[in-house]
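Novice: Mind docking chain G on chain W? Use the hints.
For the record, the sequence lines run as chains W and G. Residue numbers for the first sequence, in numbering that gives the first Met the number 0: 0 to 335. Residue numbers for the second sequence, in numbering that gives the first Met the number 0: 0 to 252.
No wet-lab data here; the hints were simulated from the structure. You may find that some hints are simply not true.
[As the list claims (entries may be wrong)] Derived contacts from chain W toward chain G, CB cut-off under 10 Å, selection only:
1) V28
2) L52
3) A53
4) G194
[What the hints assert, rightly or not] Derived CB-CB ranges, DEER-like:
5) P254(W) - Q4(G): 22 to 30 Å
6) S44(W) - Q185(G): 32 to 40 Å
7) R189(G) - Q26(W): 41 to 49 Å
8) H36(W) - A228(G): 47 to 55 Å
9) F51(G) - F322(W): 38 to 46 Å
Even glycine gets a Cβ: it sits at the ideal position worked out from N, Cα and C.
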Amino acid sequence: MTQLTSDASHIRQWLVSRAGAWRSVVQHVAALRAQRHATVDEALSAVEAYRGLARDLATARRVAPNSRMTLGLESLYGQLHGVVNRRPRGGIAAIRLLLSVDIPRAAHELRGRIAAMALLMGLSALAGWWLVATFPTLISLFASDDMIEHVEQGHLWTEGIINVMPSSILSISILANNIVVSILAFCAGIFLGLGTLYLIAVNGLMLGAAFAFVHQHGLARALFEFIIAHGPVELSVICIAGAMGVALGESIVRPTVESRRDSFQACAHRIAPVLLLCALLLVGCGFIEGFVSPDPRFPMASRVTIGIAYWLILWTLMSGRLFRAPDFKRGADAEN
Amino acid sequence: MSDEQLSVQSVTGVDLTLKLAGPGTRSYAFVIDWHIRFLIAAAWLLIAYFLFDVALTVKSAAGFLSILPASIIYFLYHPILEVALRGRTPGKRMAGVRIVSRDGGPAGTSALLIRNIFRLVDSLPAAYMLGLISCFVTANRVRVGDMAAGTLLVLDNAAAEKSLLRIEALASRSQLSLDALELVDQLLERWDSLETASRAQIARSLLRRLDPAADTVALDALADANLRAMLQAHLNSNAASAMPDESHDAAHI
Numbered sequence: 000m001t002q003l004t005s006d007a008s009h010i011r012q013w014l015v016s017r018a019g020a021w022r023s024v025v026q027h028v029a030a031l032r033a034q035r036h037a038t039v040d041e042a043l044s045a046v047e048a049y050r051g052l053a054r055d056l057a058t059a060r061r062v063a064p065n066s067r068m069t070l071g072l073e074s075l076y077g078q079l080h081g082v083v084n085r086r087p088r089g090g091i092a093a094i095r096l097l098l099s100v101d102i103p104r105a106a107h108e109l110r111g112r113i114a115a116m117a118l119l120m121g122l123s124a125l126a127g128w129w130l131v132a133t134f135p136t137l138i139s140l141f142a143s144d145d146m147i148e149h150v151e152q153g154h155l156w157t158e159g160i161i162n163v164m165p166s167s168i169l170s171i172s173i174l175a176n177n178i179v180v181s182i183l184a185f186c187a188g189i190f191l192g193l194g195t196l197y198l199i200a201v202n203g204l205m206l207g208a209a210f211a212f213v214h215q216h217g218l219a220r221a222l223f224e225f226i227i228a229h230g231p232v233e234l235s236v237i238c239i240a241g242a243m244g245v246a247l248g249e250s251i252v253r254p255t256v257e258s259r260r261d262s263f264q265a266c267a268h269r270i271a272p273v274l275l276l277c278a279l280l281l282v283g284c285g286f287i288e289g290f291v292s293p294d295p296r297f298p299m300a301s302r303v304t305i306g307i308a309y310w311l312i313l314w315t316l317m318s319g320r321l322f323r324a325p326d327f328k329r330g331a332d333a334e335n
Numbered sequence: 000m001s002d003e004q005l006s007v008q009s010v011t012g013v014d015l016t017l018k019l020a021g022p023g024t025r026s027y028a029f030v031i032d033w034h035i036r037f038l039i040a041a042a043w044l045l046i047a048y049f050l051f052d053v054a055l056t057v058k059s060a061a062g063f064l065s066i067l068p069a070s071i072i073y074f075l076y077h078p079i080l081e082v083a084l085r086g087r088t089p090g091k092r093m094a095g096v097r098i099v100s101r102d103g104g105p106a107g108t109s110a111l112l113i114r115n116i117f118r119l120v121d122s123l124p125a126a127y128m129l130g131l132i133s134c135f136v137t138a139n140r141v142r143v144g145d146m147a148a149g150t151l152l153v154l155d156n157a158a159a160e161k162s163l164l165r166i167e168a169l170a171s172r173s174q175l176s177l178d179a180l181e182l183v184d185q186l187l188e189r190w191d192s193l194e195t196a197s198r199a200q201i202a203r204s205l206l207r208r209l210d211p212a213a214d215t216v217a218l219d220a221l222a223d224a225n226l227r228a229m230l231q232a233h234l235n236s237n238a239a240s241a242m243p244d245e246s247h248d249a250a251h252i
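Excised from the complex, chain W in its bound form (with noise of 0.2 Å):
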C-alpha cells in the first residue's frame, strides 16, 4: 500500500516536473503552427522539443495509458509531429521544379502509353468513320438530332455560334468540359485501365463518325477549317490523359512495389503534374474554340499556324526543352 503510494506520488511529481516543459511545447507548436517559415533555430529547438516529448509520451503511456495526461501527450505529439515533418513551401523553385523535372520525367515515362492511345483513338476514329459511311443512319447513335438537322441543311453546326453565345461564354463552357473529360479520362483508370480505353474509344468512335457525316454533305473541310486551331492539343491532351489512366490501371494490374495500393499512390503522384499541365492547356483550348474556331474572320492558314504553334508549345512543356530540364531521362529509365 505505501509502495503503491509512493508510486502513484511518483506519477504526480513527474507530471508536475515536466509541466513547465510541455506548456513551452504548447506555446512552441502553436507559433510555429501560425508561421509561414522557420529559423534554422527554431526548427532545432522544435525537432529538440520533439525528442523530449517522445520521452515523456513513452513514459506517460508505461506508466499512466488511459489517463487523460497521455492523451494529451499524445495530441501534443501529434501535432509536433505535423510540424516537424511540415514540407517546405516551394513557391517559384518548386513551380520550376516541376515544370524542368516533373512534368518532362512523368511525360517520358508516358510516351509508349500516349502513343497507344493514339493508336486507339486513330483506329476508332477510322471505324467511326467506316460505320457512318457504309450504314449512314448510324450517324443517330454518334450526333445529337440538332448537329444532324444543321448538317442536312448544308450548314456545320459551329457556324453562327458566337452570335448565340459571346466568345468569353463558350470558352468557360467548352474549357471546362474538356477539362472534366480529361480528369475522368484519368480517374477512370482506376478500372484497371479498361475505362479509359472505352472513353478513349468512344472518343475516337464519335470523331471518325462526325467526320463521315460532314463529309457527306461536303462540309468536312469546313469542319477540318473549325477544329485545326484548337484540335491538335484537345486530342493530344486527351490522348495524353488517356495514357495516365492507363498507367493508373496498369499500377494496379502490375504493381512496381511489394503493395497495389502503394503502387496505385505511387503512380498516381509522379503522373499528377502531368494532368495539371493538360489542364492548363485545355483552358487555352477552351480560349481558341471559343474566340478563334468559331470566328470566320480568321483564314485557314491563321488557323493551321495558332493549332501547329500551340502543340509545339505542348511539345516542349512536355520534353522540358523549354526549361532547360536536367537529364530527368536516366533518373526515368533507372526508375523502370
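Specialist: Using the frame of chain W, we list chain G on its own:
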C-alpha cells in the same frame, strides 16, 4: 465515432498513434461542408437574381456569369479550402477531423489536389456510394481519393491539449494521485449534466476512496453542494491522500 488506430513509425522511435475517422465521422463532415457550399452558392444566385435582375440561364451572358461563381464555389470548395487550411475545411473542423499524409505529417498540396480529383470516381454511381463502400472495406477507412493521394482522415483531439494543461495545473496544487485527480476533475466537469442522485452516489464513493478513514455516516448525510465543495477542496488542497488501488509502476520514471 471509430476507435480504430494506426501506429506510424517516427524518427524518435516512439510511434505516433493516429485515430482514424470512420465512415460516420467522414459523412458527418461532408454533410456539413455540403450544406455550407450549397448555401453560399445558393445565396450568390439569389443575390444575382434579385439585385441584378438576371435570368439564371447559361444562354444569356449575364446569367452565365452569375452561375459561374456559384459553380466555382460549389465545385472548388473542397480543393481550395483543404489546401488553404492545411487539410481542414469548416465541416472537418466541426466534425473534429483533419487530413494527414500516411506518415502522420501534413498532407502536401499535390496530395490534396489528387484526393479531390478522385472525387469524380468516389461519387460514382451516385451519392458518393463507391467512396463510402471503400471506407467500409479498406483497412484504414479511406476512399479511393485517399488511396491515390496517400492521405488519411484522422480524428483531431484538440481538447486533449487543453485537458493536459488543466491536469498539469491541478497536479501542481494538489497531492492527489494522477488517477484520483483525473476522476475528481472529470466528475466536477460533468457535475451539472449528471442527475443529482447519481452524482451524489459517485461523489460519496470517490470521497471514501480518497479518504478511507472518513466517517461513512457523516458522508451519507452530506448535501449535494457540500459533496461538490469537498471534491473541490481535494483538488485544491495538499491534504488528500492517494487512491488505495493505484497500481502503476513508476519506479523507473
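Novice: Run every hint past the structure and note whether it holds.
Specialist: Outcome of the hint check:
1. V28: holds, 9 Å
2. L52: holds, 8 Å
3. A53: At about 4 Å, which falls below the 10 Å cut-off, the nearest Cβ of chain G leaves the hint on A53(W) intact, so it holds.
4. G194: With a closest approach of 9 Å, the G194(W) hint holds.
5. P254(W) - Q4(G): 22 to 30 Å: Given range 22 to 30 Å: holds, Cβ gap about 27 Å.
6. S44(W) - Q185(G): 32 to 40 Å: holds, 34 Å
7. R189(G) - Q26(W): 41 to 49 Å: violated, 29 Å
8. H36(W) - A228(G): 47 to 55 Å: Hint holds: Cβ distance 51 Å, inside 47 to 55 Å.
9. F51(G) - F322(W): 38 to 46 Å: 44 Å Cβ-Cβ, so the 38 to 46 Å window holds.
Comparing the model with each numbered hint stated earlier shows that hint 7 is the single one that does not hold.
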